[in-house]
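2 protein chains.
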Amino acid sequence: MKARVTVTLKAGVLDPQGKAIVGALDSLDFKGVQSVRQGKVFDIVLDDLPQDKAKKQLTEMCEQLLANTVIENYQIELL
Amino acid sequence: MKARVTVTLKAGVLDPQGKAIVGALDSLDFKGVQSVRQGKVFDIVLDDLPQDKAKKQLTEMCEQLLANTVIENYQIELL
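In order, the protein sequences belong to chains A and B. At position 36 of the first sequence the residue is numbered 36 (the numbering used here), and the sequence of numbers has no breaks. To convert, count from 1 in the second sequence and add 100; that's the numbering used here.
There's no promise every hint is true.
Straight-line alpha carbon distances no greater than 27 Å define the calculated DSS-like cross-link-like pairs of lysine-lysine that follow [as the list claims (entries may be wrong)]:
no.	chain 1	residue 1	chain 2	residue 2
1	A	Lys2	B	Lys119
2	A	Lys19	B	Lys102
3	B	Lys110	B	Lys131
4	A	Lys56	B	Lys119
Read the hints as simulated data drawn from the structure, not as lab findings.
My request is simple: use the sequences and hints to build the entire structure.
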């Protein structure tokens, strides 16, 4: 079974990477870009499991490895 | 207006980062993980534009900066 985990910075957490991208976009003449915030996406293939078990396992994966829960949020989608 | 750009590796492109994550998950006793592929997600805030113009601009941003179109695919969502 397939799942997608999206990990993004929490609001208020500074994103120097995003700032650098805004600068680069500006130097490429893209006007009107107010902000960019970069995150990570993980496409995961798991052995088949009941949905609730899969969600629980994926949540544990996020809590332990995929996300730094101090500064990041995560979102789990079963595909 | 807000948009989300998701950039993922094309099929067949090796993902050493993803492989390392599979190994780490295994060492954390997560069983049944067949594969992990890591990508990037950009949450962009733009000045208001007609949707078609915004999509065109975002496509250009991907082509020029946000994605390496030789090895990556990108997906644009207007939120």
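Tested hints:
Between lysine 2 (chain A) and lysine 119 (chain B) the alpha-carbon distance is near 16 Å, which keeps this suggested pair within the 27 Å criterion. Using a Cα cut-off of 27 Å, the hinted pair lysine 19 (chain A) and lysine 102 (chain B) holds, with the two alpha carbons roughly 16 Å apart. Restraint check for lysine 110 (chain B) and lysine 131 (chain B): satisfied, since their Cα atoms lie roughly 26 Å apart, inside the 27 Å limit. A hinted pair counts as satisfied when its Cα atoms are at most 27 Å apart, and lysine 56 (chain A) with lysine 119 (chain B) qualifies at roughly 22 Å.
The structure meets every hint from the earlier list without exception.
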